[in-house]
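There are 2 protein chains.
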Amino acid sequence: MADELAIVGKSLTKPDAFAKVSGQTRFADDLALPRMLFGRILRSPHPHARIVRVDTSRARALPGVLAVLTGDDLPIKFGILPVSQDEEALAREKVRYVGDPIAAVAATDEWIADEALELIEAQFTELRPIMSIEQAIAADAEPIHGTSNVHKAVALEFGDTDAAMLAAQHVREDVVFFEGNTHLPMEQHAAVAQYGADGKLTLWTSSQTPHYVHRALGKVLELPMSRIRVIATPNGGGFGGKSDIFSHELVAARLAMVTRRPVKITLTREEVFYAHRGRHPVLMKVKTGLTKDGRITAMQFRSFLDGGGYGSYGVASTYYTGALQATTYAIPRYRFEAVRVFTNKPPCGPKRGHGTPQPRFALETHFDKVAEELGLDPVELRLRNLPRPDSRTVNWLRITSCGLEACINKVVEGSGFLERRRSMPRGRGLGFAVSSYLSGAGTAIYWNDMPHSEVQLKLDRNGGVALLCGAIDIGQGSDHILAAIVAEVLGVALEDIQLTTADTDLTPIDLGSYSSRVTFMAGNAAKAAAEKVRGQLFEAVARALPCDVDDLLARDRRIVRRNQPAEGVSFAQAVQLAEAAGGVVTATGSYTPPKLAGPYKGSGVGPSPAYSFSAAVVEVDCDVRTGEVRVPEVWIAHDIGRAINPVLVEGQVEGSVYMALGEALMEEQTFRLGLHKFPSLLEYKSPTALEAPVMHTYLVETIDREGPFGAKEAGQGPLLPVIPAVANAVYNALGVRIDEIPITPDKVLKAMSDRSKRVGPASTPAFEFPPLIKADVPEEWKGK
Amino acid sequence: MADELAIVGKSLTKPDAFAKVSGQTRFADDLALPRMLFGRILRSPHPHARIVRVDTSRARALPGVLAVLTGDDLPIKFGILPVSQDEEALAREKVRYVGDPIAAVAATDEWIADEALELIEAQFTELRPIMSIEQAIAADAEPIHGTSNVHKAVALEFGDTDAAMLAAQHVREDVVFFEGNTHLPMEQHAAVAQYGADGKLTLWTSSQTPHYVHRALGKVLELPMSRIRVIATPNGGGFGGKSDIFSHELVAARLAMVTRRPVKITLTREEVFYAHRGRHPVLMKVKTGLTKDGRITAMQFRSFLDGGGYGSYGVASTYYTGALQATTYAIPRYRFEAVRVFTNKPPCGPKRGHGTPQPRFALETHFDKVAEELGLDPVELRLRNLPRPDSRTVNWLRITSCGLEACINKVVEGSGFLERRRSMPRGRGLGFAVSSYLSGAGTAIYWNDMPHSEVQLKLDRNGGVALLCGAIDIGQGSDHILAAIVAEVLGVALEDIQLTTADTDLTPIDLGSYSSRVTFMAGNAAKAAAEKVRGQLFEAVARALPCDVDDLLARDRRIVRRNQPAEGVSFAQAVQLAEAAGGVVTATGSYTPPKLAGPYKGSGVGPSPAYSFSAAVVEVDCDVRTGEVRVPEVWIAHDIGRAINPVLVEGQVEGSVYMALGEALMEEQTFRLGLHKFPSLLEYKSPTALEAPVMHTYLVETIDREGPFGAKEAGQGPLLPVIPAVANAVYNALGVRIDEIPITPDKVLKAMSDRSKRVGPASTPAFEFPPLIKADVPEEWKGK
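Protein chains in written order, with our numbering: chain E, 21 to 804; chain H, 21 to 804.
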């Protein structure tokens with residue numbers, strides 16, 4: 021009997037699939053508790069204003085209204101990052117975007133709650149709204165917070181880039197813009213709070229970060245943490261948009277405490293468009309110096325992020341726009357400057373690929389132009405600048421495995437890119453781009469010195485395996501991954517694993533479903549726990565048979581001798597032997613990423629225990645009369661390390677492609693007088709199944725030494741190369757450069773009629789970045 | 021800072037009390053799931069009959085009926101004891117009591133389900149019903165099972181009792197009868213089953229033994245155990261009546277599997293009276309030999325149990341009628357013979373004091389008579405025959421601590437028994453009795469070689485403590501006990517403990533809430549787990565301070581140096597230190613009782629790791645014209661070992677007294693043509709609050725070396741002496757002996773008018789007991 025894998029690597033059905041397809045899954049909004057009230061939130065109609073008065077007396081008098089809250093009922097500020105505790109559950113003095121929460125009601129039904137909102141009289145003194153990056157950094161701008169609208173400014177340099185630019189044989193500079201967009205999950209945000217007669221608060225919420233919500237509730241509600249339980253409900257789509265702390269979560273909790281009745285708040289679709297924390301609009305400048313033969317000698321990169329009204333994850337987003345340039349290319353000298361400003365728009369935060377699609381768009385279109393200038397094909401330019409496996413980048417990031425070259429070869433060969441792009445009819449084109457992404461952040465937002473992921477296993481003497489983990493499955497399949505890893509190690513069936521996840525009372529920590537960390541980190545914890553528990557079983561079985569522990573194998577719900585598989589016991593019998601000897605058979609496993617941050621401020625954002633790599637070729641079919649761009653076919657390759665469940669990885673890859681195409685071609689979040697222009701599923705353009713291209717997905721396995729069974733991330737990285745590949749394909753098809761996302765028909769038409777054959781920003785605004793922090797990695801580390 | 025106890029020993033509010041008094045507790049019948057169906061069971065109208073045909077076609081055709089089951093749908097037999105697998109979820113060939121389930125329906129509401137039951141046409145061939153012990157053992161009796169109505173016959177002898185009787189200076193023999201009665205919990209039995217789209221069955225049930233239900237479901241439904249989850253819902257009273265496997269649990273599960281919709285079955289109050297597994301009616305003969313000065317030299321005891329239609333726990337009940345005679349008195353030679361017969365009445369099983377109130381009634385009235393004959397006061401007779409601490413009884417039971425003498429002194433002094441009983445006016449009297457009981461059975465029904473109780477703790481880095489245990493709180497307060505023990509050891513507050521109990525997926529094993537085992541066994545497991553986890557915290561804190569591990573103390577949510585309590589860290593900080601060092605902080609604790617069974621068959625029933633002791637004085641006020649007996653005052657003392665929560669123990673003691681008075685004076689379960697005479701709360705007489713006496717409760721603490729913090733049982737033992745004390749008080753009041761429970765007014769009047777001044781059975785029937793198994797404990801062990 022060999023040691024081949026039985027479950028890992030197989031395309032199996034996810035454990036939660038049955039309940040989802042049969043409608044048995046109960047999402048947060050499906051929950052109903054006895055005597056439950058319905059909460060609604062009154063939101064600011066102004067983008068920027070001082071609150072003069074909020075009169076709730078008429079609302080309170082409405083029959084069926086049980087409670088009305090204003091800012092004074094929840095005065096403690098919060099925020100997801102320790103450095104950005106700038107939000108109030110209900111605004112007290114100022115509102116900073118249309119949609120900023122200012123009051124809340126709980127009533128016996130939604131209609132009464134809505135009616136009560138209309139009875140709340142709020143008076144404001146309007147302030148001049150800041151609606152763009154330029155306005156925000158203007159000298160006379162009305163400050164949204166404090167005394168300046170600069171939320172965060174960063175300036176880092178690794179090596180002497182100015183000198184390298186001067187010495188470079190070829191230099192090119194580009195300015196591009198990436199408009200903001202939203203996550204558009206199928207499930208709107210919802211939370212149900214219950215405050216027990218015993219003084220225990222329970223919050224069920226559609227969240228990607230239940231442990232951080234737990235923490236924020238403790239702070240804002242001033243309750244001992246042990247009196248609060250947060251349960252993340254099955255998540256109907258997150259994509260980063262449910263990883264913040266949300267007003268409605270805190271408000272539902274306080275309303276439940278005040279009324280002593282359960283309270284549910286489900287955001288309307290329109291509210292989600294305002295409360296969502298979407299993708300940052302980012303204006304960027306990239307300048308690269310190269311040798312004649314296309315080897316990068318230096319890069320300088322600038323980002324201007326439009327952060328909206330609050331901090332959210334924005335400090336991290338700011339660093340992320342610069343962190344991963346050097347993991348995709350071997351860049352020997354690198355300067356990064358970025359600024360995030362406050363504007364009177366909904367606050368921006370993480371969305372799939374957090375901080376990275378924008379610079380990736382900048383970089384990959386930039387290199388398409390560079391390649392043309394150097395007379396190289398775009399593939400060759402990348403191949404000449406590949407990052408090396410087992411190396412450190414100039415900004416201290418440690419690359420373990422790297423399958424980028426294999427990814428490039430897959431999509432180039434699969435699509436016939438090199439030949440076909442030279443012979444496409446007008447209006448049709450092929451574009452190419454590459455990327456890399458992180459497998460979880462190496463630095464935690466809180467509790468960085470403790471494990472980032474923990475898994476607890478308890479074996480039942482009847483053969484069941486209870487698996488407890490704080491991770492929340494947001495559709496990416498983390499439940500399956502955890503179950504598959506444990507089933508693989510223990511030699512049981514997937515359905516023998518009973519999962520309990522994302523319950524702050526019951527489950528040990530997993531920091532959350534963000535930054536593509538769960539498969540990697542919780543997966544490593546699960547593997548460690550399963551191996552420990554298997555050790556206990558092997559010891560008991562080895563004593564009973566007797567035989568050597570090393571001679572045992574767990575397979576097919578049995579523990580048997582490797583070379584005499586008829587000799588052995590059932591899995592349940594093995595549990596009973598171990599339990600008789602040592603009590604209940606349990607084990608825990610933890611994962612703490614290696615400390616990889618470099619010796620400079622902000623270095624914590626970017627280091628990951630391992631990086632994924634992707635390459636994409638996109639074919640476009642442009643209507644030269646309407647400017648409409650269609651995508652009939654996409655070739656995408658992703659270095660997944662190891663595909664624990666290939667069909668799940670393919671789902672993540674294809675979902676990423678699909679989301680990328682929406683961002684590339686149609687999705688945008690823009691405002692008129694502070695109001696969202698498209699705050700509904702009818703108005704906000706997003707691709708439907710009809711727009712889905714034929715996709716060719718190639719999984720490249722590099723068996724990363726840090727990942728569980730060698731796995732790396734899959735949920736975000738594959739989105740990244742697709743957007744610039746679309747832009748590059750449009751250039752191939754029409755000879756025009758759309759240096760601004762989304763690539764809408766009006767921009768295509770405009771570029772075709774413009775002399776420069778280009779649409780995009782001309783320059784970046786004048787801004788005084790802080791003095792450069794210089795911290796290049798030691799020369800001798802670069803090869804490691 | 022001293023080591024005194026902070027939580028253990030304090031009368032604190034139970035964690036579940038808040039939800040219970042505020043109505044937030046959701047019992048099984050309160051559960052409602054989407055698309056839930058309602059199940060109902062058709063039951064036999066005949067006490068004994070062959071099933072000829074069950075035609076369900078008309079029921080199936082009724083709109084709103086989703087499924088109809090008959091015995092062929094659940095053909096696999098089951099039973100709580102491995103030796104009594106004699107039940108069918110729905111009877112296939114024969115019915116054995118009025119109420120025996122024969123068919124079941126699931127419908128969209130209860131009314132349609134009821135209507136459907138009426139449309140099921142069942143044809144029977146009636147058989148001669150067996151309605152008494154005498155009929156059952158008659159030579160020509162129609163056998164209810166197999167070829168004989170003798171379910172179990174036992175004959176044991178420890179020492180030569182016949183010789184001792186011949187040599188005794190005083191011998192007395194009595195025959196008494198104890199009628200059956202029922203538990204009368206406020207909550208009727210209910211179960212909700214759900215069969216997920218993933219093929220996973222979940223059963224929520226009002227059960228005392230979820231792990232045994234789990235096992236039976238696996239057997240009867242032929243599902244892998246890992247595909248079944250049993251969750252015991254908060255229990256609205258069990259008293260032993262929810263410790264069996266019930267037809268409706270299996271039927272609800274199968275209905276859910278067939279319909280693929282959740283199914284709830286809640287028994288009607290009338291159904292509970294039939295399905296309940298109540299107290300056995302027992303006819304007994306007790307014969308004791310003594311010295312002139314009242315020292316017991318030998319005892320012979322015979323029990324005849326009326327078991328009803330099925331085995332249930334009956335084999336254990338049979339042994340229990342003989343096991344505990346020698347733990348209450350130092351009996352040097354003891355013979356025990358017993359037989360349990362099948363009759364066509366509802367099957368009998370365990371009720372508070374399982375198997376023991378009947379022989380205790382026999383013994384304690386017997387010794388009241390013996391004392392009178394010997395010219396001793398009843399107290400003195402007991403004091404001359406006290407069991408010794410740290411000894412083995414003649415039938416191999418090991419006594420650790422024994423506070424019986426202290427209990428006797430408490431009630432005798434408190435009531436002024438010795439003086440007042442000589443000077444009571446006619447109609448008023450005082451009665452005295454003593455007893456002992458077990459703190460959990462030393463032998464498990466299943467998995468005897470593995471731990472009987474297991475507790476798992478997981479500490480949250482925010483300071484919460486998750487406690488997982490299979491134990492189910494049936495009102496006895498086990499949730500509180502577990503939380504209090506863990507909070508005491510860890511130095512946190514009760515409300516920091518988050519309990520998850522009685523969930524076969526999540527919680528490690530506790531065998532169930534029966535035989536007064538939970539505080540003792542799960543309590544020991546909890547203590548062990550808490551001590552392990554505290555050790556991990558101490559190590560981490562000792563490293564951090566630094567100091568010696570032995571110098572640390574956990575108190576008031578802090579871990580501090582014993583002699584410098586200002587030096588230390590908060591509990592949450594300690595968890596974080598430990599978690600940073602070694603991953604998630606968890607530990608498990610297990611308890612396996614010592615193997616104490618003697619070398620004879622049946623010896624497994626009776627040995628307990630420790631025994632509780634009780635003494636009671638009851639005052640009666642008899643109406644000589646009506647025969648009505650009232651109880652104005654009760655003095656009760658109970659050797660609890662250690663009262664972990666005194667108010668809880670007092671609640672258990674007073675609840676036991678109250679239940680005992682009901683059994684002593686009014687409750688009875690009797691049948692006419694197989695039909696229960698009193699199957700409703702209107703007809704079945706049970707005491708109300710108006711009948712509650714003034715109670716004087718004395719807790720005697722002997723700090724047992726085996727119990728957690730020295731605790732022993734409280735939930736059952738205090739019931740035992742009360743019933744005979746009532747009978748003895750009636751004799752003191754009226755000079756009549758009612759040797760039959762309950763002591764109803766008609767019996768009192770009859771005895772007063774009878775020349776013998778006695779009511780009760782004259783003799784026991786002729787029955788050939790099996791040959792005696794002789795197995796007395798070695799002489800040298802008796803003092804140990």
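Please note: incorrect hints may appear among the correct ones.
Given that identical chains are not distinguished, each listed pair holds provided it fits within a single copy or across any two copies.
What the hints assert, rightly or not - Each computed BS3-like pair below joins lysine-lysine, with the alpha-carbon atoms no more than 30 Å apart:
#, residue 1, residue 2
1, Lys220, Lys552
2, Lys114, Lys794
3, Lys777, Lys97
4, Lys220, Lys30
5, Lys697, Lys777
If you are wondering where the hints come from, they were derived from the structure by calculation, not from laboratory data.
**Study point:** Violations among the numbered hints, reported as their numbers in ascending order
**Key:** 2 and 3
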